[in-house]
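S.K.: Mind docking chain B on chain A? Use the hints.
2 protein chains.
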Amino acid sequence: MSIVSPTARADAQADQAMPDLAAEMAAIGQAARAAARHMALATTAAKDAALKGAAAAVRDAAPSILAENALDVADMRREGGSDAFIDRLTLTPDRIEAMASGIEVVAALPDPVGTVIAEWDRPNGLHIERVRTPLGVIGVIYESRPNVTADAGALCLKAGNAAILRGGSDSFRSSAIIHGCLARGLAAAGLPTEAVQIVPTRDRAAVGEMLAGLGGNVDVIVPRGGKSLVKRVQDEARVPVFAHLEGVCHVYVHAAADLAMATAIAVNAKMRRTSICGAAETLLVDRAVVDSHLRPLVEALQAAGCIVRGDQATRTAAPNVEEATDSDWSCEYLDAIIAVAVVDGLEAAIDHIERYGSHHTDAIVTADPTAAEKFLAEVDSAIVLHNASTQFADGGEFGMGAEIGIATGRMHARGPVGVEQLTSFKYRVRGSGQVRP
Amino acid sequence: MSIVSPTARADAQADQAMPDLAAEMAAIGQAARAAARHMALATTAAKDAALKGAAAAVRDAAPSILAENALDVADMRREGGSDAFIDRLTLTPDRIEAMASGIEVVAALPDPVGTVIAEWDRPNGLHIERVRTPLGVIGVIYESRPNVTADAGALCLKAGNAAILRGGSDSFRSSAIIHGCLARGLAAAGLPTEAVQIVPTRDRAAVGEMLAGLGGNVDVIVPRGGKSLVKRVQDEARVPVFAHLEGVCHVYVHAAADLAMATAIAVNAKMRRTSICGAAETLLVDRAVVDSHLRPLVEALQAAGCIVRGDQATRTAAPNVEEATDSDWSCEYLDAIIAVAVVDGLEAAIDHIERYGSHHTDAIVTADPTAAEKFLAEVDSAIVLHNASTQFADGGEFGMGAEIGIATGRMHARGPVGVEQLTSFKYRVRGSGQVRP
Numbered sequence: 006m007s008i009v010s011p012t013a014r015a016d017a018q019a020d021q022a023m024p025d026l027a028a029e030m031a032a033i034g035q036a037a038r039a040a041a042r043h044m045a046l047a048t049t050a051a052k053d054a055a056l057k058g059a060a061a062a063v064r065d066a067a068p069s070i071l072a073e074n075a076l077d078v079a080d081m082r083r084e085g086g087s088d089a090f091i092d093r094l095t096l097t098p099d100r101i102e103a104m105a106s107g108i109e110v111v112a113a114l115p116d117p118v119g120t121v122i123a124e125w126d127r128p129n130g131l132h133i134e135r136v137r138t139p140l141g142v143i144g145v146i147y148e149s150r151p152n153v154t155a156d157a158g159a160l161c162l163k164a165g166n167a168a169i170l171r172g173g174s175d176s177f178r179s180s181a182i183i184h185g186c187l188a189r190g191l192a193a194a195g196l197p198t199e200a201v202q203i204v205p206t207r208d209r210a211a212v213g214e215m216l217a218g219l220g221g222n223v224d225v226i227v228p229r230g231g232k233s234l235v236k237r238v239q240d241e242a243r244v245p246v247f248a249h250l251e252g253v254c255h256v257y258v259h260a261a262a263d264l265a266m267a268t269a270i271a272v273n274a275k276m277r278r279t280s281i282c283g284a285a286e287t288l289l290v291d292r293a294v295v296d297s298h299l300r301p302l303v304e305a306l307q308a309a310g311c312i313v314r315g316d317q318a319t320r321t322a323a324p325n326v327e328e329a330t331d332s333d334w335s336c337e338y339l340d341a342i343i344a345v346a347v348v349d350g351l352e353a354a355i356d357h358i359e360r361y362g363s364h365h366t367d368a369i370v371t372a373d374p375t376a377a378e379k380f381l382a383e384v385d386s387a388i389v390l391h392n393a394s395t396q397f398a399d400g401g402e403f404g405m406g407a408e409i410g411i412a413t414g415r416m417h418a419r420g421p422v423g424v425e426q427l428t429s430f431k432y433r434v435r436g437s438g439q440v441r442p
Numbered sequence: 006m007s008i009v010s011p012t013a014r015a016d017a018q019a020d021q022a023m024p025d026l027a028a029e030m031a032a033i034g035q036a037a038r039a040a041a042r043h044m045a046l047a048t049t050a051a052k053d054a055a056l057k058g059a060a061a062a063v064r065d066a067a068p069s070i071l072a073e074n075a076l077d078v079a080d081m082r083r084e085g086g087s088d089a090f091i092d093r094l095t096l097t098p099d100r101i102e103a104m105a106s107g108i109e110v111v112a113a114l115p116d117p118v119g120t121v122i123a124e125w126d127r128p129n130g131l132h133i134e135r136v137r138t139p140l141g142v143i144g145v146i147y148e149s150r151p152n153v154t155a156d157a158g159a160l161c162l163k164a165g166n167a168a169i170l171r172g173g174s175d176s177f178r179s180s181a182i183i184h185g186c187l188a189r190g191l192a193a194a195g196l197p198t199e200a201v202q203i204v205p206t207r208d209r210a211a212v213g214e215m216l217a218g219l220g221g222n223v224d225v226i227v228p229r230g231g232k233s234l235v236k237r238v239q240d241e242a243r244v245p246v247f248a249h250l251e252g253v254c255h256v257y258v259h260a261a262a263d264l265a266m267a268t269a270i271a272v273n274a275k276m277r278r279t280s281i282c283g284a285a286e287t288l289l290v291d292r293a294v295v296d297s298h299l300r301p302l303v304e305a306l307q308a309a310g311c312i313v314r315g316d317q318a319t320r321t322a323a324p325n326v327e328e329a330t331d332s333d334w335s336c337e338y339l340d341a342i343i344a345v346a347v348v349d350g351l352e353a354a355i356d357h358i359e360r361y362g363s364h365h366t367d368a369i370v371t372a373d374p375t376a377a378e379k380f381l382a383e384v385d386s387a388i389v390l391h392n393a394s395t396q397f398a399d400g401g402e403f404g405m406g407a408e409i410g411i412a413t414g415r416m417h418a419r420g421p422v423g424v425e426q427l428t429s430f431k432y433r434v435r436g437s438g439q440v441r442p
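In order, the protein sequences belong to chains A and B. With my numbering applied, the first sequence corresponds to residues 6 to 442, in that order. With my numbering applied, the second sequence corresponds to residues 6 to 442, in that order.
Keep in mind that the hints were calculated from the coordinates and are not lab data. Misleading hints may appear alongside valid ones.
Unchecked claim - Under 8 Å between C-beta atoms, here's a sample of chain A residues computed to sit facing chain B:
(1) Val212
(2) Leu264
(3) Ala387
(4) Arg419
(5) Arg441
Model, not experiment: these values are computed from the prediction. Beta carbons: idealized from backbone N, C-alpha and C, even for Gly.
Next comes chain A alone, as it looks inside the complex (with noise of 0.2 Å):
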């Protein structure tokens, strides 16, 4: 069975310049924006209908996936991409079989959509709900991962959205082939396909026109991808976004820290996968236990395959440790890197973690319930653990079902976002002819 969708079919004409692009994409806004008010008015039952019935299409259509992320792989060989790139935009049937599962899982979540967050009765017998809304239309910027064509539109979906998707031109092909299986399991649950669109030009402007808002009709802007993405699009975006810059997370052994743990949780915390943002970057070791702890701790990282970089402190205590310098202490590495660093105490890695983390994932070790306390309360960060590892920032293992990614803004929405991040709500008030004195 073959699915191309009709950007992909355009593909010849993607390369070029639209020659009117501001108008194209000022109507997929408008698009977007009556499929919203639609979505957000459509039953839970449609909305899961249109996720089973796209993750069934993205089964059936697995052989035309792979031939079309074919010819986008070719072309970044073609064009010298490196591995790391290529491994990230090539689709394998396990990974489609992934993509095609985690739409039923997103399909599985409850709808937030019309739940009543809080209610209460006033004095004069108005009846006050808050109630869960959409939030409208979200723009969706990304990279080359074509996977997140099928999360996040679902997600999107799921929480009763209309998106904009615009993926990276290297997936260009890959994307539009699993957005037209979105489209067909909308089309088929009675649903407008209006309410996931692809953006069906490779030309960048086409960022630079969803960033601008497309006339008041993009409410949110959700950039995924790397540093210099999410930069453009937090300082060019007239509208709001969800991004996170980084992930500089760190792991404090304090100083009644177990050796163990401190040891099973620094390890799993940068090398389990060093590519995601919850990766620790920092390892702040207590005074008080670097006899004890830094020689094991250093080891144990070496032994799973980390290079470590050290202040004066770790570099004297332990062997074949390289010398950091005031970059490495807040460089997201995302890689089999680690900075290590002795500090003097709890105030001042929790000042050490202030100055140069994100505010993104940061954990502390220790026996002490105070002075773990002290850091869940003091570190300003999305999310803050006592004795877990930090690759547990995420939407699943947080039990949300899946994620669109980690915020570490402070508005709206703050650590994994959800298909409950993705709404907004509403006052429902309920009277009885009462008016205001």
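M.R.: Relative to the frame of chain A, chain B by itself:
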């Protein structure tokens, strides 16, 4: 007793452009960020003591506040300010007492910071809590009402934030001396006075600096004022904004509306106070009840002193109705004027509101629960009411104690912005050595 803040003392310089405004404003931002960190960890007792101290300081300083305010009012008279503007600017002993007791109301509210909003356990034993935290640094930009200095400052403090206040140049002296009272309360409670700062210049370029975010040291801007202020803020702000552009609020009299209830609600919604954003601006009457309801509704409004502008059907059914033009349907009169249209049923009423409204507050009057539910579900406004006046759109009426404004955007805060809406949250995760598989 005389309390004159340093900024009031510097009044002679305030009119002149500051020699290095950008540097001054940057310093204000840095001081706010440092104070915000302190305030985030302040105890409820300390914050409440600061607020009670500020209220006492306002009462003590009443004679000085009146004297400073008289200078502001004299300036405005000299410059030919309208009666409405002069009324907004003018403080009286009653208004000063209302300010002081308003601060005490905020002090008596529950402290939102540290509240666990949700908590759950994961199968791996991790315990996850979502806990309220302050937002950080809040910039408040307002116009001639000097009481906003006290209201906004108190709400920001209660929620553990730092505030940077930029009052109207008309109320410069009045706001400065009220700010001095807040600072006195903070100092007496051992909290940093930089937790509430006021911009010490009338130079409008200071607003531009705030909107640019003071180098990352402003987390959100709250504009309180007329359309042109809010529009400037929304156009220029490089940081998130809580704003409502306007309140084009509707009362829809459905086919199943009781005439007496509809009349009471329509007259209250329009005429109780015409200058607030929750005042109704448009009355929609169902064609099914034109013969029975329209003329009595129009006459009741006219008897209450309201000018009525109507469409052709309204002008046919009722006397002394001016002709409404298309611009009337989206006009926020904030005056004793109402636009009246006849609509063909519930769907048409909803369509009218979605087309011309501002997503602020809209009400249906009906005895039909099915119609009411459809209206409450489909009208996409911050507040939707059944059988109650739109003038209930107010944080105090909602039981929030006080509000800094009413937000019509969909991000973070929607509807009345009280202390809870001035907070963010973080995740606190407690483990016992868990690592991620």
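S.K.: Work down the list of hints and note, for each, if the structure agrees.
M.R.: For each hint, the structure was consulted:
| no. | hint | in the structure |
| --- | --- | --- |
| 1 | Val212 | violated (18 Å) |
| 2 | Leu264 | violated (12 Å) |
| 3 | Ala387 | holds (6 Å) |
| 4 | Arg419 | holds (6 Å) |
| 5 | Arg441 | holds (4 Å) |
Checked against the numbered hints above, the structure breaks hints 1 and 2 and satisfies the rest.
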